[in-house]
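*Asks:* Okay, here's what each chain looks like letter by letter:
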Amino acid sequence: MSRHRRLDWPALAWQSVFLGLPLAFIVAVSLAARGPYGGVEWRLSLAAYGRLFDPLYFEVFARSLALAALNTVVCAVLAYPLAYWIARAPKRRQGPLILLVLIPFWTNVLVRLYAWMFILGRSGPLNALLSALGLTGEPVDLLFTRGAVIVGLVYEHLPFMVLPLYATLEKLDWALVDAAQDLYATPAQAFRRVTLPLSRPGLTAGSILVFVWTLGDFVTPDILGGSKLVMAGNLIHQQYLVLRDWPFGSALSLALMAVVAGGLALSRRQEARA
Amino acid sequence: MRRSLFLPVMGWGTLAFLYLPLLVLVAFSFNASRFGAAWTGFTWDWYAKLLADRKIMASTWNSTVVAAVSTALATVLGTLAAVARGREATPARKAKDAFFYVPLLIPELMLAVGFLLFFGLFKADLGLLALIVAHTTLNVPIVWLIVKARLEKIDPRLEDAAVDLGATRWQALRKVTLPLLMPAIAAGALMAFVISIDCFLISFFVAGPSTTTLPIQIYSMLKFAISPEVNALSTLLFLASLVLVVAAWLLQGGEDASSH
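These protein sequence lines map, in sequence, to chains A and B. In case it helps, our numbering puts the first sequence at residues 1189 to 1462. In case it helps, our numbering puts the second sequence at residues 289 to 548.
One chain only, chain A, in its complex shape (with noise of 0.2 angstroms):
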């Protein structure tokens, strides 16, 4: 029973006016022509979407997704054990160390990514770790290269798994796991076949989020991988601030929200087949 029904008429006003028209500029202009000096000319114009075509930016979306994949599973591994644990602390336990998961989640990514940027530059910590080791003789490029990128979105994205997956396994009815070891199962079989199984919904939130945010990424390459590892958020963000094609970065933009919504509509099949 709601009393105060119409309360909310400011806010829906609010993002209809500042959420709804943007999203809905966003698809005009990929339909307008480019001006001559960058912005937009408004005639109906397909040459856009015909761009989308280019081998070339077929090459950086199959990038971006291959590195969301890599970064999806990566996370998964890595954050599933510290759900488990966590989950399994005594409770008053857990609330401060899930408060140590949300702290770097909510500080700022440049910040984030500046740390990796000085512990991997050539004359960075690491680097001086490395030859004071004598592991090598003169500085080497860590920074720049394809494994900072996969280092920045591991670390970026993590929390966005630790947290969901924790969630599930919070609730988890572990009178189930136990009853499974009950009966002769051991404990990878019981983990295999009743936790694994009964931690999905957070397993696969997860991996939505991070696959979501790491295809809209343009950050972390931009920081991290110098110039030279080029995702579909870099592509668009040129087109937008350094080229001023604003139809072809609608159209990319777009294409974009397609492959998401395409990986969501997936995953959502796999849940119900499961």
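There could be a bad hint or two in this list.
To be verified - Straight-line C-alpha distance at most 20 angstroms; calculated EDC-like pairs for lysine to aspartate or glutamate:
1. 382/B with 440/B
2. 1359/A with 440/B
3. 411/B with 1433/A
4. 1279/A with 1366/A
5. 441/B with 517/B
6. 511/B with 1329/A
7. 384/B with 440/B
8. 337/B with 517/B
9. 441/B with 1358/A
10. 411/B with 1366/A
Worth flagging that the hints you see were computed from the coordinates, not collected in a lab.
Following the hints, put chain B in place on chain A, whose structure we already have.
*Replies:* Same frame as chain A, but now just chain B:
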């Protein structure tokens, strides 16, 4: 026995992975040496340099103004929307819920692009105003989500009881429900403030060339070079989020604030 060791090692190990880079950053912001990883002594110099830097001070001021105003707007709009939300699962309610969830579900880049077109097509260099509008839009769902979660735990019969005792619906809302919601509203406002202070991507796309916020300032500095000033500035920003997030967490009764 092996299993009982595996989990703590993985758990603490992953937490160390999350914190080690930040701790290294904090430690080196006090290093006297300008170049390299050699520790040459403790210094506050880099922090003093920040305070003397007019560009950094100006961008800090901009960030604070944008965060304060957009938080105030988003807190009012989000709280009202949460309070108005009915309990029965009507199609209208589901549609409204889905609409409020949109900014949380689509890639941030899409919002950034949308705002860029929105403000760009009107050819208005709105300066801070554009940032305030964008951040408010981003934050309405955050406040709405946190307040809604708290509201669902409040017994609706409390308001009914107030009305039975002669209060109007409006009085019941103000004197009964709102005080009960206060911790959640405060937590929502804090989260909104953190999101606004931290927001880079959207601000970067929306801000005109004359407008700089703290994250935009950091970005242009780190694009230029790795320097101890950036270490110091990053440390301050990290400490600010740390304090605000812990405060929001305590306000929500130490439960998880993982409302994302």
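*Asks:* All hints, please: hold or fail.
*Replies:* Here is how each hint holds up against the structure:
1. 382/B with 440/B: 15 angstroms, holds
2. 1359/A with 440/B: 18 angstroms, holds
3. 411/B with 1433/A: The hint holds at about 16 angstroms.
4. 1279/A with 1366/A: Holds - the C-alpha atoms of residue 1366/A and residue 1279/A are around 19 angstroms apart, at most 20 angstroms.
5. 441/B with 517/B: Violated: residue 441/B and residue 517/B sit about 46 angstroms apart, past 20 angstroms.
6. 511/B with 1329/A: 17 angstroms, holds
7. 384/B with 440/B: 17 angstroms, holds
8. 337/B with 517/B: 7 angstroms, holds
9. 441/B with 1358/A: Given that 20 angstroms is the threshold and the Cα spacing comes to 19 angstroms, the pair holds.
10. 411/B with 1366/A: Distance ~65 angstroms between residue 411/B and residue 1366/A Cα, so the pair is violated.
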